[in-house]
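**Q** Chain by chain, the residues run as shown.
2 protein chains.
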Amino acid sequence: VLFLSFSYPRHSQNESVVTNPLFSQVCNLANAASLLWHAYKSLPSPSNQVNWAGFYTRDPLSPPSAPQLILGPFQGKVACQTIAFGRGVCGTAAAAGATQLVRDVARFPGHIACDAASRSEIVVPIVAAGRGVVAIIDVDCAVEDGFDEVDREWLERLAKLLAEACDWP
Amino acid sequence: VLFLSFSYPRHSQNESVVTNPLFSQVCNLANAASLLWHAYKSLPSPSNQVNWAGFYTRDPLSPPSAPQLILGPFQGKVACQTIAFGRGVCGTAAAAGATQLVRDVARFPGHIACDAASRSEIVVPIVAAGRGVVAIIDVDCAVEDGFDEVDREWLERLAKLLAEACDWP
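Order-wise, the sequence lines are chains X and E.
What the first sequence shows, in the working numbering, is residues 1 to 169, in sequence order.
What the second sequence shows, in the working numbering, is residues 1 to 169, in sequence order.
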């Protein structure tokens, strides 16, 4: 994931970005999901057993008292469209603002099985300055123990990069 | 692609949707790209040779005199982030408002080779009522003659469904 770059201009001097800040985020996350997927697929097992890689973003339409995530760009099979903060691995990472590294999803209380093939999962929050958790990176693996501290380190670096590279609503 | 459904509520009575209409669109297109990809992969050759399936949306930040497409959710390798209306197969479909079925991309003037493996391509405009072309469906195939009139018919039906199922900015 070291080779990520984001070439879509942020239009920082264009005030119309204020009314629609989402576009560069979508385009960046779409390519980031692809890079993440193909990077994992190019690695030895268990990394090449990754079966879902992508993003959920905080839904600005959800009330602050009951925030939810909404599905963003990803690679893999179809996924839950919305996830409440606090629910499952993704919702827990979003609510806690902390990475969840789950070596066996069957042992995670309230795990949401979007793809029944998933056996392990890592979810890393994307925290934008002054805005809290704006999105999460979600990667699933079809085998147990698919992720370790190396994944955590590099996905957290990616989260920091995306926090700065995207216009978050 | 017959089994597409879109469960994210459109919040039609919530005025906040007016200030941020993109979310349900992103979430719908993300799952639609996945369904499209896996539907093609489940079919006989040449359909299972599809190597890119996804969406570009009209960039509301681009001036009406020089509209451009911006990358949306997709499955496949990383892709061009922006494409000017009129440029390549995607830009031609967007500018003409008409499906482009290209049996051999090498013979299409100005073809943009995002993935060098692509040999044929079909691009179908998504036209929203009163808004013109709001997005395009783009599917690439790694062999020539990857698409025919059956693909055109069903992708055009999908385009109509998405035109009505999403909140377009």
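Treat the hints with care, as some may be off.
The list treats identical chains as one, so a pair stands whether inside a single copy or across any two.
Said to hold, decoys possible - Pairs of lysine-lysine, DSSO-like flavour, derived with a Cα cap of 30 angstroms:
1) Lys77 with Lys41
2) Lys160 with Lys77
3) Lys160 with Lys41
Source of the hints: derived by calculation from the structure; they are not laboratory data.
Here the structure is a predicted model, which is why all the values come from computation and not from measurement.
**Q** Give a verdict on every hint.
**A** We went through each hint and held it up to the structure:
| no. | hint | result |
| --- | --- | --- |
| 1 | Lys77 with Lys41 | both (15 angstroms within a copy, 12 angstroms between copies) |
| 2 | Lys160 with Lys77 | both (26 angstroms within a copy, 23 angstroms between copies) |
| 3 | Lys160 with Lys41 | within (23 angstroms within a copy, 34 angstroms between copies) |
The structure agrees with every numbered hint stated previously.
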